[in-house]
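Participant: Place chain B on chain A using the hints.
Top line first, the protein sequences correspond to chains A and B. Here the first sequence is numbered in the numbering used here, starting from 1184 and rising by one per residue. Here the second sequence is numbered in the numbering used here, starting from 1184 and rising by one per residue.
Please note: incorrect hints may appear among the correct ones.
Where chains are identical, the list cannot tell them apart; a pair therefore holds if satisfied intra-copy or between any two copies.
As the list claims (entries may be wrong) - DMTMM-like mimics (lysine to aspartate or glutamate), calculated; alpha carbons at most 20 Å apart, straight line: (1) K1271 - D1440; (2) K1516 - D1210; (3) K1271 - E1424; (4) K1209 - D1473; (5) K1209 - D1221.
Keep in mind the hints are simulated off the structure, nothing from the lab.
2 protein chains.
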Amino acid sequence: MGPLRVAIGGLGTVGAAVADILISRKDLIAARCGRQIDVVAVSARDRSYDRGVDLSGVEWFDDAAEMAAYADANVILELIGGEDGIAKAVCENAIGAGRHVVTANKALLAMHGTPLAQAAERANVAVGYEAAVAGGIPIIKALREGFAGNGIFSVHGILNGTCNYILTTMRETGRDFDDVLSEAQELGYAEADPTFDVDGIDAAHKLALLAGVAFGTEVNFGAVHVEGIRHISADDILFAEELGYRIKLLGIANRTDPGVEQRVYPCMVPMDAPLAHVEGVFNAVVAEGDAVGTSVLQGAGAGAGPTASAVISDIVDIARGMVLPVFSVPASKLTRAQTVPIGSRAGPYYVRLTVLDRPGVIADVSAALREEEVSVEALLQRGRSEKGSVPVVLTLHETVEANMQRALARIAELDTVVEPPCMIRIENL
Amino acid sequence: MGPLRVAIGGLGTVGAAVADILISRKDLIAARCGRQIDVVAVSARDRSYDRGVDLSGVEWFDDAAEMAAYADANVILELIGGEDGIAKAVCENAIGAGRHVVTANKALLAMHGTPLAQAAERANVAVGYEAAVAGGIPIIKALREGFAGNGIFSVHGILNGTCNYILTTMRETGRDFDDVLSEAQELGYAEADPTFDVDGIDAAHKLALLAGVAFGTEVNFGAVHVEGIRHISADDILFAEELGYRIKLLGIANRTDPGVEQRVYPCMVPMDAPLAHVEGVFNAVVAEGDAVGTSVLQGAGAGAGPTASAVISDIVDIARGMVLPVFSVPASKLTRAQTVPIGSRAGPYYVRLTVLDRPGVIADVSAALREEEVSVEALLQRGRSEKGSVPVVLTLHETVEANMQRALARIAELDTVVEPPCMIRIENL
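Pulled out of the complex, with its shape left as it was, chain A reads as follows (with noise of 0.2 Å):
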C-alpha cells in the first residue's frame, strides 16, 4: 500500500509533538502499519515560530479549512480546538471532501458528534477522537473495540486533569480552593480562564463523547448534569478524610431502565475505590460490562506527549484500513435516550452546614430532613466557634436526591444556619 499522507491543522504543543514523533519515528511507525505515514502539510497561524520540527518540504496552508479541502492528504488532523469555527470548519471540509478526520477536540464533538458523524459514515471516512477523552489513555478503543462483545451499562471516572490536581493539592496542603487555583495557574496547570476545567464543562464534554460510544447513543452535552468544585472547601476535605472518603471531580455515565443519566460533579469516594488513588494530573475511567465486569484505565490526561499518543493510535488505525463506526454502531442507529434527571439520583449524601452555636440547632436540623424521609448516618461536630458559628457535618443514607434538595431548602431557611448548606454527594463506587 503506498503511504498515508497526513496534513496538520494546528501546530501548538500537540501538533508540533505529532509531526515530531511522526517524522522521528517514521520507519518503527511503518513496520507497524505496514506502510509509510507521510506529513505532507501544515497549517498554523505562525509560520515564522520555529517548533523544533523539520517541516521543510512540507505545504504550508495559511488557512487550516482550506487544506482540509485542497491539501493532497488521506488525513486531516484538527488540532485547533474550539466547539465551532474554524475546528468546525476543518471537519466539515475534510469530510467534504472524502477525508479521514483525526481530531482532540471534546467541544466540537460534544456539540456536534452526531451529525459529524452521520457525514463521515456517509462519505466512508473515519473520525477519530481518543485524544479527546483523557488524553493517552485508549479508552475510546476499549470501549468501542476492547469492549464490543459487552453491554456496557457504566463508564465514570476523574476526566480533568486540573481539577484533580486542585484537589489533591488542597487535601495534600489543606490550602483553600482560590489559592490553590492561583498557584494551579502559575504552574500552567489551570487556564487564564479556568471555567471549562473547574467548573466540569471540559469534563462533561468528554463525557458526553464516552456515554454515546459506550451506550450506542446520540451524544448529548445539554443532557449532562454539570457541577464544577469552586464550592469545595479545605474543610470539606478534611472531614472527607475523616469519614473515609476522597473528594473528585467524577463524570458518571449510567444506563439504567428509565434511560441515560449524564453526571459531573465532586463527590466522596471510598478510599479503597481505585478512584481514590488517581491523584494529581493523572486520569482514570471506570468501565463496567456484563462480560468484562469493572475495568479502569488510568494515565495522563492532558499534556503534549500523551495527546500526541493518542492521535498517533487514530491516525495508525486509519492507514491499517480501520474505519469504525464513530460511537460504535452507525450513526444511524444511534439511539436517542431518555435522560433521567439529577432528581432521580438515590444514594447517600454528605452536607456541611455552618450553624450558630446554640442549643436546639442540631434538633432543628434533624426535623427538616425528617419532613423530607432523609435518615441520617452519622454526625459530626467540631469545635472552631469563629463569630459563633460551627460547622456540622452530616451523612445521609441513601435517599432520592429530590427529597435531599427539598431538605436542603428547609434547611437553608432555618435562622440558625447561617450559611448556604454544601452538599456533596457520595459515590460508592
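Facilitator: Relative to the frame of chain A, chain B by itself:
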C-alpha cells in the same frame, strides 16, 4: 459483507460463554461489526453435557484439529489449552487452511508464538490472543494499537490472579501460604495442582507475550527469570506493611540498553504505587511509553465472562477486517533481544533472617554485607524468640543482584543464621 463464520474448539466455561454471547447478543454485535457473526461449528469431548447454550444447527466435531482444518468457518477459536498437542494442532491446521485463529492459550503462544506468527502472516490470517494475557483487560490492543506511536520501554504488572488472591488473603488474615492455598483450592481460585500459578509459570507465559508485543522482539519464554510465592511467609507480609510496602507477584519486562529484562518474582511495591491497591483476583498491567508516559490497565484477569469478552473483541476485530502483525511488527522484523541476566538487576532488597538470639550476630551479618559492598538502609529486630531464634529484617540500599546473592551466600554460612535467608526485591515503581 457476508457473515463471519466461527468454529469453537473447546466448550469449557470460556467456550460456552463465548457461544452464549455470540448467540444471545447477535444483533448488537452485528451492528458494531457491520456484519453478522455466526457460530457454525463446535468441538468438545462430551457431546451430551448441557452447557446452557442452544447449539442446535451448529455442526459438531469430535476432533477439534479436524474441525480447524475442515469446518466451513473463517475463524477457529482454540479454547482447549496446553502448550502442545491438540491446541497446537488446532492452530496449525487453522492457519494451514487459511483461517484466522483466536486463542486464550498463553502457554502455547509463549512456547511457539514466533513460528505461529510467521505462519499466520504468510497465510495473511490473524492470530488473536487478547484473552491469553490478563483476561478481559484490553492490554494487547493497547500495546499493539493504542500505544503504536510510542517506544515502549517497560511493561509490568500483576498477571496471575491466583497468586494475588493468596497474597491479599495472607495480608488480610495473617495466615500462612499453605493454609491460604488450601482454602483457595476449595474455593476454586486455585487448581488442584497449583504449580503453574504459585510458581510463577503462568505469569511468565503472559510476560513473554507482553514483552514480544511491547518491544517487537521474538517471544522468548526461556529467557524469563521465574520465582514463585511459596517462600513468602506471613512474617514477610507483616514486615512489608510495617516498611510501607505490599508484596505482589509481578511480571516485569524492561527494554534497556544492554537488552531485554524479563522477570517474574514476588516483590515489595510502595503503598502509593497503583499496583499496591490491586487486590484479590484482579490483574493490572502498567505500560510505560516515551510519549504516553505511564498507563495502568486494571480488571478481571480470569473467569469465563472476562475471558469471553477478550475472545469476542478479537473476533470483532477480524469481522471488521483487522489483520495485524501478531506481535506489533511483522514476524520477519521481530528482533532477537539480548537477555539481561538477573544478576545485573540493580535495586533495593529486603532480607529476612532467622538468627540465634545472641550478641554478635548483627556484626557478623553486617560484615558479610560489607564484604560484598551491600549497604544497609534499615534493620528491624522483633522479639518473638521461638526455640532461641529470632527474625531479623534488613532493607538494603540499591545494589547489584550479583553482589546481593554473594552476600546472601556468605550470610547463609554463618553458624548463627539457622534458616536459609529469605530475600525479596523492592521495586519502587
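Participant: Each hint: holds or not?
Facilitator: Here is how each hint holds up against the structure:
1. K1271 - D1440: Neither way: K1271 and D1440 sit 35 Å apart in one copy and 45 Å across, limit 20 Å.
2. K1516 - D1210: between (39 Å within a copy, 12 Å between copies)
3. K1271 - E1424: Neither: 44 Å inside a chain and 54 Å across chains, both beyond 20 Å.
4. K1209 - D1473: between (40 Å within a copy, 15 Å between copies)
5. K1209 - D1221: within (8 Å within a copy, 40 Å between copies)
When each numbered hint is compared with the structure, violations occur for hints 1, 3.
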